[in-house]
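Student: Spelled out, the chains give:
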Amino acid sequence: MGVPELLQFVVSGLKNGAIYALIALGFSLVYSATGVINFAQGEFYMLGGMVAVWAMRSLGLPLLAAVPAAVVVTVAVGALVERLALRPRRFEPPLVLIIITIGVSMVLQSLARHLFGPDELALPAFTPGPSVVVLGAAIERQTLWVWGLTAVALIVLWLIYTRTKLGLAMRATAVSHDASRLVGVDTARVVMVVFALAAALGALAGVAVAPLTQTAYDVGARIGLKGFAAAILGGLGGPVAAVVGGLVLGLVESLSVAFISSTYKDAIALVLLLAVLFLKPSGLFGRSSREKV
Amino acid sequence: MATTKRTGGRILGTIILVLVAALSIAGCATPAGDTSGGGAAPPKEPVKIGAVLSLTGSYAGLGAPEKNTLLMEVAAINAAGGVNGRQIELFIEDDATDPAKAQAAAVKLIEQYGVVALIGATGTGQTMGMRGDVDRAGVPQVSVAGGTVITAQFDPLVFQTPWSNSLVVPFTLERLKKDGVAKIALIADSGGFGKDGIDVIKKLAPDYGITVSSEQLFNAGDTDMTSQLTKIKGSGAQAVVMWTAGKEAAIVASNMKQLGMTVPLVGSHGNARREFITGAGPAAEGFTFAAGKVLSPDQYGTGSPEYKVATDFIDRYTKQYGSAPDTFAGHAYDAIHIIANALGTVDEVTPSKLRDAIEQTKGFVGVGGTFTFSPTDHNGMKATDLVTYEVTGGEWTVLK
Numbered sequence: 097m098g099v100p101e102l103l104q105f106v107v108s109g110l111k112n113g114a115i116y117a118l119i120a121l122g123f124s125l126v127y128s129a130t131g132v133i134n135f136a137q138g139e140f141y142m143l144g145g146m147v148a149v150w151a152m153r154s155l156g157l158p159l160l161a162a163v164p165a166a167v168v169v170t171v172a173v174g175a176l177v178e179r180l181a182l183r184p185r186r187f188e189p190p191l192v193l194i195i196i197t198i199g200v201s202m203v204l205q206s207l208a209r210h211l212f213g214p215d216e217l218a219l220p221a222f223t224p225g226p227s228v229v230v231l232g233a234a235i236e237r238q239t240l241w242v243w244g245l246t247a248v249a250l251i252v253l254w255l256i257y258t259r260t261k262l263g264l265a266m267r268a269t270a271v272s273h274d275a276s277r278l279v280g281v282d283t284a285r286v287v288m289v290v291f292a293l294a295a296a297l298g299a300l301a302g303v304a305v306a307p308l309t310q311t312a313y314d315v316g317a318r319i320g321l322k323g324f325a326a327a328i329l330g331g332l333g334g335p336v337a338a339v340v341g342g343l344v345l346g347l348v349e350s351l352s353v354a355f356i357s358s359t360y361k362d363a364i365a366l367v368l369l370l371a372v373l374f375l376k377p378s379g380l381f382g383r384s385s386r387e388k389v
Numbered sequence: 003m004a005t006t007k008r009t010g011g012r013i014l015g016t017i018i019l020v021l022v023a024a025l026s027i028a029g030c031a032t033p034a035g036d037t038s039g040g041g042a043a044p045p046k047e048p049v050k051i052g053a054v055l056s057l058t059g060s061y062a063g064l065g066a067p068e069k070n071t072l073l074m075e076v077a078a079i080n081a082a083g084g085v086n087g088r089q090i091e092l093f094i095e096d097d098a099t100d101p102a103k104a105q106a107a108a109v110k111l112i113e114q115y116g117v118v119a120l121i122g123a124t125g126t127g128q129t130m131g132m133r134g135d136v137d138r139a140g141v142p143q144v145s146v147a148g149g150t151v152i153t154a155q156f157d158p159l160v161f162q163t164p165w166s167n168s169l170v171v172p173f174t175l176e177r178l179k180k181d182g183v184a185k186i187a188l189i190a191d192s193g194g195f196g197k198d199g200i201d202v203i204k205k206l207a208p209d210y211g212i213t214v215s216s217e218q219l220f221n222a223g224d225t226d227m228t229s230q231l232t233k234i235k236g237s238g239a240q241a242v243v244m245w246t247a248g249k250e251a252a253i254v255a256s257n258m259k260q261l262g263m264t265v266p267l268v269g270s271h272g273n274a275r276r277e278f279i280t281g282a283g284p285a286a287e288g289f290t291f292a293a294g295k296v297l298s299p300d301q302y303g304t305g306s307p308e309y310k311v312a313t314d315f316i317d318r319y320t321k322q323y324g325s326a327p328d329t330f331a332g333h334a335y336d337a338i339h340i341i342a343n344a345l346g347t348v349d350e351v352t353p354s355k356l357r358d359a360i361e362q363t364k365g366f367v368g369v370g371g372t373f374t375f376s377p378t379d380h381n382g383m384k385a386t387d388l389v390t391y392e393v394t395g396g397e398w399t400v401l402k
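Protein chains in written order, with this note's numbering: chain F, 97 to 389; chain D, 3 to 402.
A hint or two may mislead.
As the list claims (entries may be wrong) - One side only, chain D facing chain F, incomplete, derived with CB under 7 Å:
#1 ALA66
#2 ASP157
#3 GLN218
Worth flagging that the hints you see were computed from the coordinates, not collected in a lab.
Keep in mind the model is a prediction, meaning the values are calculated, not measured.
Glycine included, C-beta positions come from ideal geometry on N, C-alpha and C.
Given the sequences, and given the hints that come with them, work out the whole structure.
Tutor: The structure is reproduced here in structure tokens:
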């Protein structure tokens, strides 16, 4: 296998990996603030793509306006999910809340099927044009967007976490809801903001990927599962852990096609996940990053 | 204060949930056939027919036109007085593109509604999933899925309306051989239809002097196939043959263009969908696939009986649903009319008599071709029912 081919496998792995990373970021954000795995995270991804297509087709918005519109709508949905479905039950154990998020994901999916139909829908590329060729490996322009948006999301999240009062409140809430309330943090509002942020990340991934893959009402569940695996791989810790988890998962999948077989690529990725959990139950970054945050 | 606010949220949440639930139920409820139409009560009891279709999941785009067609055709048959004075009552169940749910749906239709015949399922895996219960209950099944196994693993009760892979594969290989292709690479979905296609191609390719240089699979829902295509690119194949009916087909075409692959991409009758062209965009140009003549009824010759059946169906469908039917709608048309025709010939409607009557179908002109079943052939079509289409300028054109 030559260098260009190997590089192509790496590009493909990092492309899928970046998508998984954006979803994993949403999982770990919500988890660290509430201790809940939000299984509706994949539906935010689906909504991002579907709302963008709908805004272009039905409202006639240009792509430049449809993309932010899709993110804003999904953020509103994310905040509403927290306010209407989770907050009334916020004193229940996390398992109850996790099951609520499963219900929410079913509701969002069937709602999307009724509103947007069962067919797959296409979104135009952000910047159409031939692939960029680097050392013999072709990189689609849309892939550059996916990478760019992942990087921007990571930087913005890091700034929020470390440089703002909101970030301080989020970190405090992650450590202890009760103690945070004692010192005057409105934890309910913090959790709502966290859901909105997670929705924004999901929607961002959804619109960035839709030009590559088309989108449909049922794409959320599968990508949610992959993002969840990536988040676990990273140890459900800080943003960096989630991104590394996503990229590692994408690379493993792509390299198993290269060196083993496309038939088993998903199985190999899952075996790796199990192996990591056996050897280091807290994930790749589990303990250390928890303490840092 | 805080308590009131929370209660308010809970009430609002409940209202929205109830609304959503009502919406979902309205959409999913079993749409029964039109039995209430007409003033006078039907003199005889209606004939119950069940259909298992993929209305959700990865084949939802196939199941929707099939459902549209069945509803339209049953309404038309009933409006014309039904079959032998008996109305048809249709029960549709969603299998969510899941073989286990297809099996459960078959049980429900047979046991709960007492249907005398089953249409479906949409997919090959789902169709095979129903077999155990079809055999147990002795109810005839007319599948609208294209896998060869459906009729190759012969079951006296099971019929099939799409061109099976054992018909389409030789037709496709013949064309490749004529174009001077000796080495192909395969890419297919890991589901029933894709695997079935790969098996048939690998079995028949040597007969056409064609070798398979690489064999790649992807899963429904995968977002990127560049890894598999990079393997194919390095294998020296002169053409890529793709076997899938899912939405991932458009990703394969786009990824090939992205990788700068110039070898032709050849698909199957599973790709005869507009969504493939809009999804793949410029990458769809030059894509070829074999399918029946329903996409271009002129091929039958204007004025021929086949032409009349196809254009009549296309016109009515377009009028009712606002867009032209695809091949999958055609498979459903053929399934319901083959059953209705057979119903017309039996003196007493029982599943076993109906099965015998369906097997007697001879020269039935449908939308997908002309069907002649026999005790050993339950697919009933010929290679002459197929043509090759090419995508040019975002449209299907017939390749001579």
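Student: Run every hint past the structure and note whether it holds.
Tutor: Hints, one by one, checked against the model:
{"no.": "1", "hint": "ALA66", "result": "5 Å, holds"}
{"no.": "2", "hint": "ASP157", "result": "28 Å, violated"}
{"no.": "3", "hint": "GLN218", "result": "5 Å, holds"}
Comparing the model with each earlier hint shows a violation of hint 2 alone; every other hint is respected.
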